[in-house]
Amino acid sequence: MSDMPTHKVKVKAATADEASKAAKDKCRKDGCDVRGAEMPILLSEGEWEVKVTVIEAPKKTLKSILKPKKKPSKKKED
Amino acid sequence: MASPKKRKVRKQIGRVLAKGGTATEPTFGGASTPATAAQLLDLLEIGLYGHDGDGGFTHGAVGSKLKNSPSGASLEEDAGLETVAELDVRMGGTANWDTAMTRYYLTSTTTDAGMSLATVATTSEGVLHCPAGPDAKTFPKLEDVSNGSAISFYLKPTDGSGWGAGRSLRVYIENTDADTDIQFLNGDDNSSIGSNNGVSAAGTYRDIDRSTANDANGIIIRVTSDGTGTTALAGWQIAWENRTA
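Listed in order, the protein sequences are those of chains A and B. Just so we're aligned: the first sequence equals residues 43 to 120 in the working numbering. Just so we're aligned: the second sequence equals residues 367 to 611 in the working numbering.
One chain only, chain A, in its complex shape:
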């Protein structure tokens, strides 16, 4: 059974816990359903990389993107 996908997110934070929260918030803003996170990795002072466990946001299909706008219905003249 394969694991849920993870998003690698780079954030700036003072502590690992703050980095986790910031990374999760970032994924939520991107429309992902966040299910957890792995231990943050300190890249440099104040900069962290966090693998956030997510369920991907449903991708927009080409059809929905190219869907033509409805033409305004013509009003019947009396």
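Everything labelled a hint here was simulated from the structure, so no lab data went into it. Hints may contain errors.
Said to hold, decoys possible - Covered stretches of chain B, going by a simulated chain A footprint (3 or more residues, C-beta under 8 Å):
hint : stretch
1    : 560-572
2    : 575-588
Claimed, not checked - Now the in silico label distances, taken between C-beta atoms and shown as ranges:
hint : chain 1 : residue 1 : chain 2 : residue 2 : range
3    : A       : ASP72     : B       : ASN563    : 25 to 35 Å
4    : B       : GLN378    : A       : THR57     : 47 to 57 Å
5    : A       : GLU87     : B       : SER515    : 40 to 50 Å
6    : A       : GLY88     : B       : ALA567    : 21 to 31 Å
As the list claims (entries may be wrong) - Listing some non-contacts, in silico: residues in chain A with all C-beta distances to chain B over 10 Å:
hint : residue
7    : MET43
8    : ASP45
9    : MET46
10   : LYS66
11   : ASP75
12   : VAL76
13   : GLY78
14   : ALA79
We put the CB at the ideal spot given by N, CA and C, even for glycine.
Go by the hints and put chain B onto chain A.
Relative to the frame of chain A, chain B by itself:
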């Protein structure tokens, strides 16, 4: 004279007591009350497998930081894994985690807490020890930890702050065995949250958020070992706390 087999058993029990076992006559109910077969079996198994069950822990016991409370000695964990006191320092969300936590062992007894969905463990702070964990009673069926097939531990941390919206389970994984894989699953749909395969250094952790995939049945910790041959498997332990997401 007893048969050679009986003499060997008696010799083994004698060795356990001579090595520093703390059992005395009162342990067995006094000089006039002989030890029961179960007590003698415990002593024999301690000798055979190297575990000291006396004064130790029982599955699901709470707040067992100290081996012998009056003496105040801290318990030495199995295979050099972190002690409860060291884990306590890591736990940021729970004050006095060391006295609040509950100990569990991976066992073959499905009626034990955590060993089936029907008997799900509900503690918000705890440690899951490998079968050879500190002071464990022996579980011979799990000497080779699952021997190729997975064994699951069921956890829904509902006590204390509960497992409602906005909760998260922080899980510390320490594993010194390259052949043991630990996978975390959502209990409601069996989706895999993530895996820690092989060796994980002390302090390795992951956060598992409460979601619609685990709000009913909680989390499943699935342990698999692919170890073969006669080499003894090294130890592992998983410690957790329920905290705000």
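Hints versus structure:
1. Counting residues of the stretch 560-572 of chain B whose CB falls under 8 Å from any CB of chain A gives 6; the rule of at least 3 is met.
2. Counting residues of the stretch 575-588 of chain B whose CB lies closer than 8 Å to any CB of chain A gives 3, so the stated coverage by that chain holds, three being the minimum.
3. The supplied range of 25 to 35 Å is met by ASP72 of chain A and ASN563 of chain B, whose beta-carbon atoms lie about 28 Å from each other.
4. Separation of GLN378 of chain B from THR57 of chain A is about 52 Å and conforms to the stated range, judged on CB atoms against 47 to 57 Å.
5. Checked against the hint of 40 to 50 Å, the pair GLU87 of chain A and SER515 of chain B passes, with Cβ atoms roughly 46 Å apart.
6. The beta-carbon spacing between GLY88 of chain A and ALA567 of chain B, approximately 23 Å, falls within the hinted interval of 21 to 31 Å.
7. MET43 of chain A, annotated as away from the interface, has a beta carbon of chain B within 10 Å; the closest lies near 5 Å.
8. With a cut of 10 Å on Cβ distances, ASP45 of chain A falls inside the contact zone with chain B, its closest approach being about 5 Å.
9. With a minimum CB-CB distance of about 6 Å to chain B, MET46 of chain A fails to clear the 10 Å threshold, and the non-interface call is violated.
10. At the 10 Å boundary, the C-beta of LYS66 of chain A falls inside the reach of chain B, the nearest C-beta of that chain being 8 Å off.
11. A beta-carbon of chain B comes within 10 Å of the beta-carbon of ASP75 of chain A; the shortest separation is about 8 Å.
12. The non-interface label for VAL76 of chain A is inconsistent with chain B: the shortest C-beta to C-beta separation is roughly 6 Å, within 10 Å.
13. Not every C-beta of chain B lies more than 10 Å from that of GLY78 of chain A, the closest at about 4 Å, which undercuts listing it as non-interface.
14. The claim that ALA79 of chain A lies off the interface is violated: its Cβ sits roughly 5 Å from the closest Cβ of chain B, which falls inside the 10 Å cut-off.
Hints 7, 8, 9, 10, 11, 12, 13 and 14 from the list above are not met by this structure, while the remaining hints are.
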